[in-house]
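Number of protein chains: 4
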Amino acid sequence: MSAIDEGDDVVLYLDNRRTYMVRVEAGKQFHTHKGFVELGDLIGKPFGSPVVSSLGASFYALRPLIRDRIIKTERRTQVLYPKDIGYLLQQLDISSGSRVVEAGTGSGALTMALADSVRPEGRIYSYEINPAFQAVARGNIERASLMAYVELKEGDVTEGIEEKNVDAVVLDLATPWIVVPHASDALAGGGIFASFSPTIEQVMKTVAALREHPFIEVDTVELILRHITVAENRTRPQTQMLGHSGYITTSRKILK
Amino acid sequence: MSAIDEGDDVVLYLDNRRTYMVRVEAGKQFHTHKGFVELGDLIGKPFGSPVVSSLGASFYALRPLIRDRIIKTERRTQVLYPKDIGYLLQQLDISSGSRVVEAGTGSGALTMALADSVRPEGRIYSYEINPAFQAVARGNIERASLMAYVELKEGDVTEGIEEKNVDAVVLDLATPWIVVPHASDALAGGGIFASFSPTIEQVMKTVAALREHPFIEVDTVELILRHITVAENRTRPQTQMLGHSGYITTSRKILK
Amino acid sequence: MSAIDEGDDVVLYLDNRRTYMVRVEAGKQFHTHKGFVELGDLIGKPFGSPVVSSLGASFYALRPLIRDRIIKTERRTQVLYPKDIGYLLQQLDISSGSRVVEAGTGSGALTMALADSVRPEGRIYSYEINPAFQAVARGNIERASLMAYVELKEGDVTEGIEEKNVDAVVLDLATPWIVVPHASDALAGGGIFASFSPTIEQVMKTVAALREHPFIEVDTVELILRHITVAENRTRPQTQMLGHSGYITTSRKILK
Amino acid sequence: MSAIDEGDDVVLYLDNRRTYMVRVEAGKQFHTHKGFVELGDLIGKPFGSPVVSSLGASFYALRPLIRDRIIKTERRTQVLYPKDIGYLLQQLDISSGSRVVEAGTGSGALTMALADSVRPEGRIYSYEINPAFQAVARGNIERASLMAYVELKEGDVTEGIEEKNVDAVVLDLATPWIVVPHASDALAGGGIFASFSPTIEQVMKTVAALREHPFIEVDTVELILRHITVAENRTRPQTQMLGHSGYITTSRKILK
Numbered sequence: 070m071s072a073i074d075e076g077d078d079v080v081l082y083l084d085n086r087r088t089y090m091v092r093v094e095a096g097k098q099f100h101t102h103k104g105f106v107e108l109g110d111l112i113g114k115p116f117g118s119p120v121v122s123s124l125g126a127s128f129y130a131l132r133p134l135i136r137d138r139i140i141k142t143e144r145r146t147q148v149l150y151p152k153d154i155g156y157l158l159q160q161l162d163i164s165s166g167s168r169v170v171e172a173g174t175g176s177g178a179l180t181m182a183l184a185d186s187v188r189p190e191g192r193i194y195s196y197e198i199n200p201a202f203q204a205v206a207r208g209n210i211e212r213a214s215l216m217a218y219v220e221l222k223e224g225d226v227t228e229g230i231e232e233k234n235v236d237a238v239v240l241d242l243a244t245p246w247i248v249v250p251h252a253s254d255a256l257a258g259g260g261i262f263a264s265f266s267p268t269i270e271q272v273m274k275t276v277a278a279l280r281e282h283p284f285i286e287v288d289t290v291e292l293i294l295r296h297i298t299v300a301e302n303r304t305r306p307q308t309q310m311l312g313h314s315g316y317i318t319t320s321r322k323i324l325k
Numbered sequence: 070m071s072a073i074d075e076g077d078d079v080v081l082y083l084d085n086r087r088t089y090m091v092r093v094e095a096g097k098q099f100h101t102h103k104g105f106v107e108l109g110d111l112i113g114k115p116f117g118s119p120v121v122s123s124l125g126a127s128f129y130a131l132r133p134l135i136r137d138r139i140i141k142t143e144r145r146t147q148v149l150y151p152k153d154i155g156y157l158l159q160q161l162d163i164s165s166g167s168r169v170v171e172a173g174t175g176s177g178a179l180t181m182a183l184a185d186s187v188r189p190e191g192r193i194y195s196y197e198i199n200p201a202f203q204a205v206a207r208g209n210i211e212r213a214s215l216m217a218y219v220e221l222k223e224g225d226v227t228e229g230i231e232e233k234n235v236d237a238v239v240l241d242l243a244t245p246w247i248v249v250p251h252a253s254d255a256l257a258g259g260g261i262f263a264s265f266s267p268t269i270e271q272v273m274k275t276v277a278a279l280r281e282h283p284f285i286e287v288d289t290v291e292l293i294l295r296h297i298t299v300a301e302n303r304t305r306p307q308t309q310m311l312g313h314s315g316y317i318t319t320s321r322k323i324l325k
Numbered sequence: 070m071s072a073i074d075e076g077d078d079v080v081l082y083l084d085n086r087r088t089y090m091v092r093v094e095a096g097k098q099f100h101t102h103k104g105f106v107e108l109g110d111l112i113g114k115p116f117g118s119p120v121v122s123s124l125g126a127s128f129y130a131l132r133p134l135i136r137d138r139i140i141k142t143e144r145r146t147q148v149l150y151p152k153d154i155g156y157l158l159q160q161l162d163i164s165s166g167s168r169v170v171e172a173g174t175g176s177g178a179l180t181m182a183l184a185d186s187v188r189p190e191g192r193i194y195s196y197e198i199n200p201a202f203q204a205v206a207r208g209n210i211e212r213a214s215l216m217a218y219v220e221l222k223e224g225d226v227t228e229g230i231e232e233k234n235v236d237a238v239v240l241d242l243a244t245p246w247i248v249v250p251h252a253s254d255a256l257a258g259g260g261i262f263a264s265f266s267p268t269i270e271q272v273m274k275t276v277a278a279l280r281e282h283p284f285i286e287v288d289t290v291e292l293i294l295r296h297i298t299v300a301e302n303r304t305r306p307q308t309q310m311l312g313h314s315g316y317i318t319t320s321r322k323i324l325k
Numbered sequence: 070m071s072a073i074d075e076g077d078d079v080v081l082y083l084d085n086r087r088t089y090m091v092r093v094e095a096g097k098q099f100h101t102h103k104g105f106v107e108l109g110d111l112i113g114k115p116f117g118s119p120v121v122s123s124l125g126a127s128f129y130a131l132r133p134l135i136r137d138r139i140i141k142t143e144r145r146t147q148v149l150y151p152k153d154i155g156y157l158l159q160q161l162d163i164s165s166g167s168r169v170v171e172a173g174t175g176s177g178a179l180t181m182a183l184a185d186s187v188r189p190e191g192r193i194y195s196y197e198i199n200p201a202f203q204a205v206a207r208g209n210i211e212r213a214s215l216m217a218y219v220e221l222k223e224g225d226v227t228e229g230i231e232e233k234n235v236d237a238v239v240l241d242l243a244t245p246w247i248v249v250p251h252a253s254d255a256l257a258g259g260g261i262f263a264s265f266s267p268t269i270e271q272v273m274k275t276v277a278a279l280r281e282h283p284f285i286e287v288d289t290v291e292l293i294l295r296h297i298t299v300a301e302n303r304t305r306p307q308t309q310m311l312g313h314s315g316y317i318t319t320s321r322k323i324l325k
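Chains as they are written, first to last, in this note's numbering: chain A, 70 to 325; chain B, 70 to 325; chain C, 70 to 325; chain D, 70 to 325.
Okay, chain A solo, but in the shape it has when bound (with noise of 0.2 Å):
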């Protein structure tokens, strides 16, 4: 059982709308407006445990899961949805080892679910053109302890990619079908090329770049997420909901 060390970080979980992303030190206090908690008292206790604040509220101190972590990063950027990533990563089929491309890196919400994937033994190289964000997703892959895993490069990659043999491509930006030729040259034989596009325009125009490039199995999905909700006599699909996100391209390098 991992217990919570000085210089975690903890999610402190009040209720389903109230969470706070901090970081525990010995003497410190994270103040809200149900009171105070004392930090130091977390450092021994399992993660998961109550702790109970200064006017006698209860929060639980959980670890940060890399959802929580997206959620709480620090953005200048849309960030992608969780249903996305997890289909994104599936699709890319990665795992420990594999190199992997990214662009844009945007806030590092998708580079830390990579680097999270393919760590101990993977890497990935994720490509910003604008260092303000990139300074931002230092920040946040750094306190996710995943940097180690990961290699930010300043540089446009409509312009090429460095990196050969790569085992997938994975592109979160205005203009991905400029990126496609760049992408078959960096891609292993067999190797797996993904892009997240809002409009179907984009859609269209990465399409007709990787049927002129040697991919096969194109192919482009939506994903709609449901919340339901459940409780007695009031159970059926929430009210709001996200209507579109972005459509998802993927497909697989051949060699010729």
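Do not rely on the hints blindly, as some may be mistaken.
Note that the list lumps identical chains together, so a pair holds whenever it fits in one copy or between two copies.
[Said to hold, decoys possible] Pairs of lysine-lysine, DSSO-like flavour, derived with a Cα cap of 30 Å:
hint, residue 1, residue 2
1, LYS141, LYS97
2, LYS325, LYS274
3, LYS152, LYS141
4, LYS325, LYS141
5, LYS274, LYS152
6, LYS97, LYS325
7, LYS233, LYS114
8, LYS103, LYS325
9, LYS274, LYS233
10, LYS114, LYS325
11, LYS233, LYS325
12, LYS141, LYS103
13, LYS97, LYS114
14, LYS222, LYS274
Calculated from the structure, these hints are not laboratory results.
Fit chains B, C and D to the supplied structure of chain A, relying on the hints for placement.
For chains B, C and D alone, kept in the frame of chain A given last:
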């Protein structure tokens, strides 16, 4: 660049509808209606390479992905769809080193995806009450070279879970609500519970059971996957669609 | 070409977000933050005509559609969405001459759509237990000039339906399953039953009641409506979406 | 209570999968694999009545609904689904007295639904370029006793619409954008335009054409219909589902 070895599985790709998973053996031929492929010819070529059949048809020899293995799995049970597996893996937050309890094993489709996620340092404890299913699953998992990360347990998970302090419990069985108390005992603080069920009555009972045990963040979702046809002047969601596979309920264990 | 008369309702359209339903009166002004419109100026103009406000803003004077009236309805209750009303009207197979029982009346939104479908020869018998709702509905229906086709009945439909041999019964109330036996008594052979319910528990009870009475072709559906943004290089389903309004159960009465 | 007459169409219902539309004639028999039904025996019975076949099977004799006629229609073309027809009728805001232009007629499925909505005082002007389709449509519409409200026009609607000041124009054809200027000429102020198209490219062109003409409230939607299985411990959306039929674009004509 990894090359094909004798004894490797390859997927022989003819087109998007016709793919075949075969084991490479020198001197052996794989026969199709488009002629036969000399499997020994593949040895030493990189994955992704073309190979021409005796009748002149071009195949490509691909490394099998986990999702290829799931689709090609010898199965005696209903198998989870990639859309649901991707979401489950994302929600379970597992990666190298995670210890996960699964029930039931079924044909081992989800077991393979879980094992690939937790290797090289984690372990999947997979319960199955039906020895015939377990034998099928063992064959599938061995063929995928993932048995080193899996412990197949013949037993009834509705009577208890032997492991303690596991990171996640994932259920795909008829009566998940009976397993909720055992999952609560088995999970470490902050560990993740996930259950896949086709019917809403199963969901109602499972959610009610979770609310009677120390679980937070109970959430039920349904994922709808639409494939999009993308071709000039024919772009549209596909006519045929899977209407429903099942609901996924997730939750998180706390310590009291 | 029909012209606007004194006393007509018109919808003043400024843009897709700003429309106002007003009654045309000579000498009266309608004030908006874009200046006022002289309502008397509209008299004699064809519907669809432009009118310029005192501050130079262009409005268009439209004949109110039933769906405009539904959206602008003075309401004290949840109102059915157009997607659900369209499906209900199609399934109910009503047209000029049909006799239809409705409960509850609510704000009269569905009542107006029903009355417009059965005029000039049919009739809607609409039950409502709450006199305050009924008064609101009467105002809305009168304003739409549809009261000639509607009989508003203050009564509890769970205790019985007075009409016999009606073509259709349509329910939008909390406990439709209690009304099923009364609907069976009221419907002519082959008549249509339809019920709208937000929760799956309501649906389960209603379907069980239908199966205990002489009904065939019991069918439950859910309609999901997606609005699509269509604009060059920005075409995509909209981000915000209504996730769920309710389930519609339909069935058909037979004689034994 | 309406009784069955000689010459009436009835739907003979055996179960949810097996229904037959037949014309009642004294002395004639309708043969099924469950024995034959003496059609003359139905004369004078109320609609909804049971009738027993020569082999003892129970059928019910139902009055054909418009949606029964659409499903049973002799068709040579793709026919609109009830979900889409319901939404179209609701958006078109048509009722007794409306004058509506339709193109193309196809098998007359939508024509029948439109005619039933506008009778007894309205009229449908339905254009079809293919005489063979028109002949089929005429048979279907006559059988439904709705020809009194329909004018079938053999002509190419892409070259112009003869009618003026109509309440609505509804298109189900390959190139709706070419018809937009003609629809603009034909519609009265405030009249409704609606178009059904399977592909997004058709939608893009149609919306662009609407924006170049005096139309407001341009809206494109897609309707997804899910059938729900409702049965104790088996309640769930159905596995098989229609993934897509088409997009519906609606708009409203203004005067300039």
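Verification of the hints:
Only within a single protomer do LYS141 and LYS97 lie at most 30 Å apart by alpha-carbon distance; the minimum there is 21 Å, versus 55 Å between protomers. Taking the shortest Cα distances, LYS325 and LYS274 sit within 30 Å of each other inside one copy (23 Å), while across copies they are farther apart (38 Å). For the identical chains of this complex, LYS152 and LYS141 are neighbours both inside a copy (16 Å) and across copies (25 Å), given an alpha-carbon limit of 30 Å. Taking identical chains as interchangeable, the C-alpha atoms of LYS325 and LYS141 lie at most 30 Å apart only when they sit on different chains, with a minimum of 25 Å there against 44 Å within one chain.
In this assembly of identical chains, the alpha carbons of LYS274 and LYS152 lie at most 30 Å apart whether taken from the same copy (24 Å) or from different copies (25 Å). For the homomeric pair LYS97 and LYS325, the shortest alpha-carbon distance between copies (24 Å) is at most 30 Å, but the shortest distance inside one copy (61 Å) is not. Within a single copy, LYS233 and LYS114 get their C-alpha atoms only as close as 46 Å, which misses the 30 Å cut-off; across copies the closest is 17 Å, which meets it. In this assembly of identical chains, LYS103 and LYS325 lie within 30 Å of each other by CA distance solely across copies; the values are 20 Å between and 64 Å within a copy.
Proximity of LYS274 to LYS233 under the C-alpha cut-off of 30 Å is restricted to the intra-copy arrangement: shortest distance 24 Å within a copy versus 42 Å between copies. For a Cα distance limit of 30 Å, the shortest separation of LYS114 from LYS325 across copies, 12 Å, qualifies, whereas the shortest one inside one copy, 57 Å, does not. Only within a single protomer do LYS233 and LYS325 lie at most 30 Å apart by alpha-carbon distance; the minimum there is 16 Å, versus 51 Å between protomers. In this assembly of identical chains, LYS141 and LYS103 lie within 30 Å of each other by CA distance solely inside one copy; the values are 20 Å within and 43 Å between copies.
Taking the shortest alpha-carbon separations for LYS97 and LYS114, only the intra-copy value of 16 Å comes in at or below 30 Å, while the best inter-copy value is 60 Å. Proximity of LYS222 and LYS274 under a CA criterion of 30 Å is satisfied intra-copy only: 26 Å inside one chain copy versus 41 Å between copies.
In this structure, none of the earlier numbered hints is contradicted; all agree with it.
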